[in-house]
Every structure is written in C-alpha cells, then in structure tokens.
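Q: Given the structure of chain A, go ahead and fit chain B onto it with the hints provided.
Chain by chain, the residues:
There are 2 protein chains.
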Amino acid sequence: MSRTMAADIKRHTGKEVELSGWVHRLRDLGGVTFLILRDRSGSVQTVWDKLPELTPESVIRVYGTVVENEAAPGGMEVQGKEFTILSQAEGNLPFAVPGDHTRVGIDVLLDNRMLSLRNPKLRSIFTIQSDILDSFARYLRGLGFTEIKSSKLISSGSEGGTGLFPVEYFETQVFLAQSPQLYKQAMVAAGMERVFEIGAAYRAEKHETARHLNEYVSLDVEMGFIESDQELMDLEVGILQAVCSDISEKNPAILEDWGASVPTAQQLSGIPRIPYDRALSLLSDRLDRRVFELTPEGERELCSWAKAEAGIDAVFVHSFPRKKRPFYTFPNGRKTMSFDLLFRGLEITSGGRRINDYSKLTKNIVRSGLDPVDMEDYLSVFRYGCPPHGGFAIGLERLTQQLLGLANIKEASLFPRDRRRIRP
Amino acid sequence: MSRTMAADIKRHTGKEVELSGWVHRLRDLGGVTFLILRDRSGSVQTVWDKLPELTPESVIRVYGTVVENEAAPGGMEVQGKEFTILSQAEGNLPFAVPGDHTRVGIDVLLDNRMLSLRNPKLRSIFTIQSDILDSFARYLRGLGFTEIKSSKLISSGSEGGTGLFPVEYFETQVFLAQSPQLYKQAMVAAGMERVFEIGAAYRAEKHETARHLNEYVSLDVEMGFIESDQELMDLEVGILQAVCSDISEKNPAILEDWGASVPTAQQLSGIPRIPYDRALSLLSDRLDRRVFELTPEGERELCSWAKAEAGIDAVFVHSFPRKKRPFYTFPNGRKTMSFDLLFRGLEITSGGRRINDYSKLTKNIVRSGLDPVDMEDYLSVFRYGCPPHGGFAIGLERLTQQLLGLANIKEASLFPRDRRRIRP
Numbered sequence: 000m001s002r003t004m005a006a007d008i009k010r011h012t013g014k015e016v017e018l019s020g021w022v023h024r025l026r027d028l029g030g031v032t033f034l035i036l037r038d039r040s041g042s043v044q045t046v047w048d049k050l051p052e053l054t055p056e057s058v059i060r061v062y063g064t065v066v067e068n069e070a071a072p073g074g075m076e077v078q079g080k081e082f083t084i085l086s087q088a089e090g091n092l093p094f095a096v097p098g099d100h101t102r103v104g105i106d107v108l109l110d111n112r113m114l115s116l117r118n119p120k121l122r123s124i125f126t127i128q129s130d131i132l133d134s135f136a137r138y139l140r141g142l143g144f145t146e147i148k149s150s151k152l153i154s155s156g157s158e159g160g161t162g163l164f165p166v167e168y169f170e171t172q173v174f175l176a177q178s179p180q181l182y183k184q185a186m187v188a189a190g191m192e193r194v195f196e197i198g199a200a201y202r203a204e205k206h207e208t209a210r211h212l213n214e215y216v217s218l219d220v221e222m223g224f225i226e227s228d229q230e231l232m233d234l235e236v237g238i239l240q241a242v243c244s245d246i247s248e249k250n251p252a253i254l255e256d257w258g259a260s261v262p263t264a265q266q267l268s269g270i271p272r273i274p275y276d277r278a279l280s281l282l283s284d285r286l287d288r289r290v291f292e293l294t295p296e297g298e299r300e301l302c303s304w305a306k307a308e309a310g311i312d313a314v315f316v317h318s319f320p321r322k323k324r325p326f327y328t329f330p331n332g333r334k335t336m337s338f339d340l341l342f343r344g345l346e347i348t349s350g351g352r353r354i355n356d357y358s359k360l361t362k363n364i365v366r367s368g369l370d371p372v373d374m375e376d377y378l379s380v381f382r383y384g385c386p387p388h389g390g391f392a393i394g395l396e397r398l399t400q401q402l403l404g405l406a407n408i409k410e411a412s413l414f415p416r417d418r419r420r421i422r423p
Numbered sequence: 000m001s002r003t004m005a006a007d008i009k010r011h012t013g014k015e016v017e018l019s020g021w022v023h024r025l026r027d028l029g030g031v032t033f034l035i036l037r038d039r040s041g042s043v044q045t046v047w048d049k050l051p052e053l054t055p056e057s058v059i060r061v062y063g064t065v066v067e068n069e070a071a072p073g074g075m076e077v078q079g080k081e082f083t084i085l086s087q088a089e090g091n092l093p094f095a096v097p098g099d100h101t102r103v104g105i106d107v108l109l110d111n112r113m114l115s116l117r118n119p120k121l122r123s124i125f126t127i128q129s130d131i132l133d134s135f136a137r138y139l140r141g142l143g144f145t146e147i148k149s150s151k152l153i154s155s156g157s158e159g160g161t162g163l164f165p166v167e168y169f170e171t172q173v174f175l176a177q178s179p180q181l182y183k184q185a186m187v188a189a190g191m192e193r194v195f196e197i198g199a200a201y202r203a204e205k206h207e208t209a210r211h212l213n214e215y216v217s218l219d220v221e222m223g224f225i226e227s228d229q230e231l232m233d234l235e236v237g238i239l240q241a242v243c244s245d246i247s248e249k250n251p252a253i254l255e256d257w258g259a260s261v262p263t264a265q266q267l268s269g270i271p272r273i274p275y276d277r278a279l280s281l282l283s284d285r286l287d288r289r290v291f292e293l294t295p296e297g298e299r300e301l302c303s304w305a306k307a308e309a310g311i312d313a314v315f316v317h318s319f320p321r322k323k324r325p326f327y328t329f330p331n332g333r334k335t336m337s338f339d340l341l342f343r344g345l346e347i348t349s350g351g352r353r354i355n356d357y358s359k360l361t362k363n364i365v366r367s368g369l370d371p372v373d374m375e376d377y378l379s380v381f382r383y384g385c386p387p388h389g390g391f392a393i394g395l396e397r398l399t400q401q402l403l404g405l406a407n408i409k410e411a412s413l414f415p416r417d418r419r420r421i422r423p
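Going down the list, the protein sequences come from chains A and B.
Start counting the first sequence at 0; every next residue gets the next number (numbering that gives the first Met the number 0).
Start counting the second sequence at 0; every next residue gets the next number (numbering that gives the first Met the number 0).
Because the hints were derived from the structure by calculation, they are not lab data.
Virtual Cβ for every residue (Gly too), placed ideally from N, Cα, C.
Keep in mind that a hint or two might mislead.
As the list claims (entries may be wrong) - Interface residues of chain B toward chain A, partial, derived using beta-carbon atoms under 8 Å: (1) TYR138; (2) GLY141; (3) VAL173; (4) ARG193; (5) GLU214.
With the rest of the complex left out, here is chain A (with noise of 0.2 Å):
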C-alpha cells in the first residue's frame, strides 16, 4: 500500500489508507484515543481502541479505515487498525507544538527553533516564504533575465567598507558581501542586460529592532537600457503583482490564519510615486511639525497617508537628495534618479538607476570619500563600455513579514541571525 496524505483522505472514503506523520495531539477519553496525525499536507483525526505508549511529536506509520464522521475536523477521520511508532520524540518538550505560539516569547521560539517550526501556523510563513521565491524567479524569466549567482566573498565593500563582516580566508582577509550589486552590474555590462539573483546579504550592524537581520536573503534586480528609474517601479510593480496572485492563488488558508490579505493587482498598480521633497512636506503637514527625513514613523505615516489617497498602503518615495544615496547613484540636478518602496508601513526595497559613464563615476567616488584605486575592479566595469542601467533589491523577510503582518523580521527567517543569536 502506499503512503495517502491527510488531505487526501476524502478520495478515499471507505477505504484502508496508510498515513505517515507526526503526532500533532493526543486526546485519552478512556476507552478511546484520539490522535490527530499531521503531515506537510495537514492533518488527520484518527481514533483508537488502544495505543501502545507514545509521545507527542513522535513520528508514526498507521493503516485505516476512512471513514464519515460530522463530529471530526474535516468532516472524516480514520478508524485506526495497525499502528508502527517509526521514532519516538523525547516526552519533556519546552513546549507544547500545536496551538498559539503567541504567548511564547520570540526569544524562546528562536531558541528552541527546531520545535517551533514543527508548529504549522509558524511554519507555514515559509511556505509563503518558498511561494515568493518561485513567483520573482519565474516572473524575470518571463521577461528574458538571467538568474547569476555571484561570489559573497569580497575584497572590499561597494560602498565604503563600513558594516562588513571580516572572514579569515588562508593567508589574508575577505569580507561578507552586503550586496550582488558590483556583479549584478558587471553582468548587465558584461551583455546579459537583464539579471536577478537570490542570495544572502550581510550587514555588520549593531541594530537590535524587528526590522533588522544580519544575515538576509536579498532578491536582487539589475536591467540596461532603461532611462529611468519609473521603468524599473514599473518593473516591481510587475513582480508584486505576480507574487501577490500567486500566492492568494496557491495558499489562501495560510493568508487566513494569519489574518492577512494582499493587494490586488489593480491596487499595485496604483501605489502613488512621489519625491522625497513631497514625501517630507506631506509628512510636515500630517505629523504638524518639520520633519526633516524619513525615519520609521514617517514610512509608516506616509503608507498610510497612500492607503486614504489610492486605496493601497504603499508608496514609492524617489528623487532621493544626493547625499541620502551611494555613489553610483545616478545624479538628475541635486536629486537622484533613485527610490524606496514602503510597504504597510516598511521599507522593503531601495533601487535607482546607476551612473554608467566612468569619468563621472570616478568623480563620484573621490567626492565620496572613497579611493578609486581601491574600487578598480567596480570600475572597470564602466571603463569597457556600459549601457544605461538600473535595478533594485527587495528583502525577501521583510517582504514576507509585511505580507503576512509579522510583528518581527525573525519569524521569517527560518534561523535568523542578530548581534547576539547565532543558533541553532
């Protein structure tokens, strides 16, 4: 016989099936026990005349019969017949698998990881999580990009050394990469003209806040012949289309648990595009008094202040000041060519087209502070001719956080890393 999962058992209705999984819960009434079976499908009640001594969590192989029940969850359950314990969990949990996690604290759910992702309402923001990676690869495919995977070690930072991680590599040191941005641009220049790359990205800051990771997933966006920075909102207006139906698609009892829903595409499209000069002066009115940059409080009033006007809380901030971004960014008068996303009240992207002229972007260095000589290997991408580029890079966590409306940027890291965590 062979293996039928928990939501599949209603095609099965009067028939023996064998079922592998986990025991989810344990119900003794005396006489007869209860065990609800869960596997990567669900779950399945079953029921017992006698069972040999078990554990929760322990993983079982049972055979049954399905059978008609309005009383059980689903409407079925199986009448339990020969029973094999396959591995037996340690009886003194720190805590209880099922249920709601949202008394236990985040701390003690991180450290005992692998427990509170057996838990499905907490795992199931990685099944969103695995969701989100598939609908951006696919979406850029479908429009001629190429997925790159570019080296992590690096012998300097593309933006001036500061929050790098120091790796010992044999003789000398590396450090972390923060971003694909140097390759993703070599790659555009190199004639690919469209890439994308998922991969982790590490940020040596001391923050210690629900929006900060040391160590994130990055999803990556680089594109030539643009002219600017409009074609590339455009363009992740397109990938957030793509992701948002797919998931409300694929996995809609997930987006319920969690009490969530996401933006239509015709909301997507809508999200307002406005100046950082705007967004401040907006932000002076509703906040009455000077409001000088954007700080957290201000993305969130801003996403707010976009959900009353255009029926969506996000909104593209652009036209940054030339100071507020880094070097490659490209100049348009005192302002930039560049953007943030801010989505349910978080950044979630930053992008821009990028200065491709090399005598400019030489300039741009030096008055950056930075040494030419150590960023040869960045400029000889635009010394051998580059087209006209851009892209932008969105945090696979806070992307998945914000539309699921997680409290903190860790529940959507499967083993996030801070100042302080480094395990499991």
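A: Same frame as chain A, now just chain B:
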C-alpha cells in the same frame, strides 16, 4: 520607436528598426564600414558609409533599415542611418572580446572577468547555469518540495570543524557553512518533509585542482519517509532528466557551440548503480592492479565502463563503507545507505539516507571522535521525533562543467574563489 533585438530583425525586413548593444566587431573596408552589433539575443551586421570615432565594446544605439543580404551572417543586415554612442569604451582592452579564448590562459580570463564574460561563448556558460537553476527548482516544486533558505553562519561545523572559514561576528567567531545539512534535516523533521535549498557552500581546503572551488553553489535536496537510498537515486535521475531536456530544448545553439550534448531521459534512467566494493573490483580488473580507493582516475575509469556497459558515462556508486562517510550516514551492516553520482568522470553528487534515531546518532558522534555537547542543536532535531529521511547535494558548477565539457570548474563560476583568487 521601440528597441528591436538582434535575433528578431528577420521579422522587420524592409522596415526601419532601433537597435541597442555593444560594438562586437568593426571592419573598415574604405568607404564602407561593417559594424557587428551584439545584444543579449545575439548579433547583427550593420553597414555604414561613415561612423564616428569608435572603440570595440562601446555601447551604442542605432537606427537603420533591415535588408536581405546573402553575404551577411544570417542573411540579413541593417543599413545604418543614425548613430548614438551611449558609452564609449577605453581603447586598450587587454584582449579582444570576440573569437576563440582557448588560447588566452584561464588566469588572464579570470583576472579580467569583467571583460572576458563579454565573450558570448564564455557568457553562455551562465545561460546554461541559469537554466539548471530553473529546472532543478521547478522539478522539485512539482513533487511538493518547499524551497528553504538557511543561515550560512554557523557556530560549529556539521562534520567536525575542519575546513571551515572563520568569520569575525561582533564579539564572537562563527564559521561559513560547508553545507545546509543540519538545516535541511531540521526542516524535514519540522514537517516540511521535502525541501530543497540553492545556496553558497564553503570549503576552506587548500586544493588547487580543476574540480575544486572554495565557494560554490550547492543544490541541496532532503526528503522524508524514504526507506532506502535507491529512492534518492530515482529522484536525482528525475532531476537530471528535467535539467537535460530543458537545456536541449531552450538552448541547443549553446550546446552546439560547446560541442556538447546532454544525455537523453532514457540514458539517464539507465545509469548503472553499483556497490562500492564492486566498483573497486571492476577498477582492479580494468586497471590491472589492486585498487583500494576511488581516486579521480578511478572515477573516470568507472564512467568509461558505464559508457560501454549502459551507453551513458555516468554511474551511481553506493554502499560505501562506514568509515568513508560522515557520522550521520545510515548504516547497513558494515556498509551505509549512501551514494555518489559520477558523471562524465567526475563526482557531482554525494548523498544517502541519514540516521534518524537519536541514540544511534549520539553513539555515532562519539565513535567519530566528536562531542555530542557541541552537536546539541543538531541532536535536538532527532530528540523531538524525526522520520526516516535522506538527501543529496549536487554541485552546480560541477554539473555545469560536465554538461558543457569545460576543462576547469572555474570557468563555470562567475567570480570564482580559490586559495589565491579573491577578486574581482
């Protein structure tokens, strides 16, 4: 007017088109100049009475009329009308981009990676690599696998701490992960059952060969509720069938350019599966001396044997002795349920069933000279109940190398890292 790609000009015969791309070749015949323009789709001959001063690799935009010309490559050319230089390349390139690069040494190509990747043939390696990434993920998603992203910063090595790169992490030290072994097993045990990960893996080994990289991309698979490693070999055959059929469908021209062909689905399902002991005795016979170990020479010889025997130069070697495999390998008498896949003379995969019993695993850790206390995170996966499971890892660069017949694995890494090479 919107941009036409070089590969599409046939559809515009007699019409005016806008083209953008790189100056691939320039040939001045006095009075008439031929300029081959290269873009991501291919290249096209353009013809000019007069051109501005221009260097190879400069990025240009041109307007012109598409005409038939039997003498032109592809039978079509564009009679140039208007010309804009978008980015002028420096004149003194270290080598010309077009043509055959086999005479340029690999170190020169890698030192000048930003330039050598402009060569369409060298760049095409990464088109194939992008195809592999796509096929691998799509095939596994179709079987209910979830894509995961685990941390690459670990507090200790999964196989005992040798060959690890140390990272300065705030006030402490961590290491770059050699593989996502612990994490993918954890996610199987957590109930995802079937997971895959595409991520960087690091080996601090001082090898200097044509088949080793210190940083590579590992295609990792882990699957619950298996009984034997034969099921894993079946799964790998399915993956390779998907990869090979997709590549030959999407990019036959690249295969042809490299003089490469990929095995058929039928050939792949016929890959012989032989026990380690049989592999050694086969080698002893064929090499006419007692063979005690699987060396690179032996791997090549076994593939020749398989080619003659089964029509495909690939072979699964399984049932490795316990001392040849990591502590977590599932024992089967004095042997193990483990395998390598040798493909065209090179090991591209290592895998097997894993021990899922807590006490057996603890004993094996001690027997391997490791300390269970250091392995607490790893062991907690099994304390909480873990299904029988197994998995494998395919080296992305090795698979790319073997599919295209590349002499050196570094050609299959965009920005390879070896003992001496840390840039660009």
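Q: All hints are to be evaluated individually against the structure, with a verdict given for each.
A: Cross-check of the supplied hints:
1. Given the 8 Å rule on beta carbons, the hint for B/TYR138 is violated: about 12 Å separates it from the nearest Cβ of chain A.
2. Interface restraint check for B/GLY141: the shortest CB-CB distance to chain A comes to about 11 Å, outside 8 Å, so the restraint is violated.
3. Below 8 Å, beta-carbon pairs count as interface contacts, and B/VAL173 has one with chain A at about 5 Å; its hint therefore holds.
4. About 7 Å separates the beta-carbon of B/ARG193 from the nearest beta-carbon of chain A, less than 8 Å, and the hint is met.
5. About 6 Å separates the beta-carbon of B/GLU214 from the nearest beta-carbon of chain A, less than 8 Å, and the hint is met.
Checked against the numbered hints given earlier, this structure breaks hints 1 and 2; the rest are met.
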